[in-house]
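Q: Take the sequence shown: its letters are residues 4 to 444, numbered as in my numbering.
Simulated from the structure, these hints should not be mistaken for lab results. Using N, Cα and C, we set each Cβ at its ideal position, and we do this for glycine too. Among these hints, one or two may not hold up.
[Claimed, not checked] Cβ pair distances, simulated, as ranges:
(1) S88 x D276: 41 to 47 Å
(2) D276 x R225: 33 to 39 Å
(3) E388 x E316: 36 to 42 Å
(4) R168 x D13: 26 to 32 Å
(5) R351 x R12: 24 to 30 Å
(6) M283 x R225: 37 to 43 Å
(7) V163 x P249: 49 to 55 Å
(8) E320 x D169: 26 to 32 Å
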Amino acid sequence: MSDAAKIIRDSDPGYHEARAAFDLCDQRPAAICVPTTVAGVQEAIGFARGEGLKVANQATGHVAAALPALEDTLLLKPMINLEPSIDPAERLARVGAGTIWRPVVEAAAAHGLAALHGSSPTVGVVGYHLGGGLGFYGREHGLACNQVRAFEVVTADGEVGRVDRDHEPDLFWALRGGGGLYATVTAIEFDLLPISEVFGGASFWPVEVAEDVLATWLDWTRGAPDSVTTSFRIMNLPPFEQVPAPIRGKNVVAIDGVAVDHVDGRALVSQLDGIAEPIMAQWGPMPSAAVASLHGDPEDPVPAIGNSTLIDEVEDEAIAALVEAAGGESGSTLIATELRQLGGALSRPDETGGVADRVEGEFVAFGVGLATDPGTRARTEADLERIFEAIDPWQSGRQFYNFAIAGSTCDDCYPADAIEALKAIRHEYDPEGLYQAPLDL
Numbered sequence: 004m005s006d007a008a009k010i011i012r013d014s015d016p017g018y019h020e021a022r023a024a025f026d027l028c029d030q031r032p033a034a035i036c037v038p039t040t041v042a043g044v045q046e047a048i049g050f051a052r053g054e055g056l057k058v059a060n061q062a063t064g065h066v067a068a069a070l071p072a073l074e075d076t077l078l079l080k081p082m083i084n085l086e087p088s089i090d091p092a093e094r095l096a097r098v099g100a101g102t103i104w105r106p107v108v109e110a111a112a113a114h115g116l117a118a119l120h121g122s123s124p125t126v127g128v129v130g131y132h133l134g135g136g137l138g139f140y141g142r143e144h145g146l147a148c149n150q151v152r153a154f155e156v157v158t159a160d161g162e163v164g165r166v167d168r169d170h171e172p173d174l175f176w177a178l179r180g181g182g183g184l185y186a187t188v189t190a191i192e193f194d195l196l197p198i199s200e201v202f203g204g205a206s207f208w209p210v211e212v213a214e215d216v217l218a219t220w221l222d223w224t225r226g227a228p229d230s231v232t233t234s235f236r237i238m239n240l241p242p243f244e245q246v247p248a249p250i251r252g253k254n255v256v257a258i259d260g261v262a263v264d265h266v267d268g269r270a271l272v273s274q275l276d277g278i279a280e281p282i283m284a285q286w287g288p289m290p291s292a293a294v295a296s297l298h299g300d301p302e303d304p305v306p307a308i309g310n311s312t313l314i315d316e317v318e319d320e321a322i323a324a325l326v327e328a329a330g331g332e333s334g335s336t337l338i339a340t341e342l343r344q345l346g347g348a349l350s351r352p353d354e355t356g357g358v359a360d361r362v363e364g365e366f367v368a369f370g371v372g373l374a375t376d377p378g379t380r381a382r383t384e385a386d387l388e389r390i391f392e393a394i395d396p397w398q399s400g401r402q403f404y405n406f407a408i409a410g411s412t413c414d415d416c417y418p419a420d421a422i423e424a425l426k427a428i429r430h431e432y433d434p435e436g437l438y439q440a441p442l443d444l
């Protein structure tokens, strides 16, 4: 094997560092490879086939806990051309595998452009697109995967190819939201948005007014303009220095969001201003580069577990149910119990999109808590179970891939006809089932 495709086994120096995932789950693959070239990826895949191993593609490992056991698997973590390339005339980004969002967002902003990134600047760009890609511009511009122009891949047989609308269109369709079961992506090209400034911000209130905040926000979402994308959270904030002092270590309720149209953003803030006196609130014009950190997701690895579902037709009864399950008197220890606003362009089929051409639901419901030891893990699991039982009447029965949890499959994300198409594409490009991913078919 070349230096660009060095194989790391569990007895080798560096194994424990290389196997680390963002959620700090205890993944123990048979071997690990961190290739730095496309040829290195080819070598690694050839090695796996020769050793009778499966292959799991991974960059940051934000959903590593959803992977199956890896004792017979090569964990493949490509780190290729991590400096993003921006073509401002074409409004196009080219990003190598292993790149996280922060350098891409900053490089695009230097040209007055923005990407359809998610809520964390340390998530991997490739995996985000493979799972659909849900961000703060979504209600106006849809899922990020449908802004992809091309993927560069190495397939299970070791062949290198470029995949786009005209070349391997079926594989192109599957990779846009169908996950990592079809090939190893070594680079991705996607469109950028001509956005240099937005109206955005966040408000935090004492958890005691959670019901009022949720009721006001839900009422606003029912007629919200597409230019605004928001989220609601009940939070138990840790006493860390990274958390702003006014809310550090406190149980709060929060609304944050971004408006591409500043007038629409100000109209939202006028609604929020009538609820109660916030602990902290800051809204106004902000550079597009700041949006990647607005949600305040942890930027360093955290031992956490979560659960998610898609929600339909939220009724007023859901307000009391969710606050009772996650609010201040519930005893919930979850870091966040969250509803992310969908609708707008996210709910309209993209006629030229991938398998994730839209998201069917009004909200993504998501809960996450710590799993630092067996005791905190058990408490988090109990809190998650209580919350998702409370909102069960409004669940659609569907999942969104980017929020995948252990035990979910692609069947939970897509209709039967799409699943059959994905199975056929997987059989064509990976007939031996070499690849493993957080969600299987």
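Q: Each hint needs a verdict: does it hold in this structure or not?
A: Here is what the structure says about each hint:
{"no.": "1", "hint": "S88 x D276: 41 to 47 Å", "verdict": "holds (43 Å)"}
{"no.": "2", "hint": "D276 x R225: 33 to 39 Å", "verdict": "violated (19 Å)"}
{"no.": "3", "hint": "E388 x E316: 36 to 42 Å", "verdict": "violated (23 Å)"}
{"no.": "4", "hint": "R168 x D13: 26 to 32 Å", "verdict": "violated (42 Å)"}
{"no.": "5", "hint": "R351 x R12: 24 to 30 Å", "verdict": "violated (48 Å)"}
{"no.": "6", "hint": "M283 x R225: 37 to 43 Å", "verdict": "violated (27 Å)"}
{"no.": "7", "hint": "V163 x P249: 49 to 55 Å", "verdict": "holds (52 Å)"}
{"no.": "8", "hint": "E320 x D169: 26 to 32 Å", "verdict": "violated (50 Å)"}
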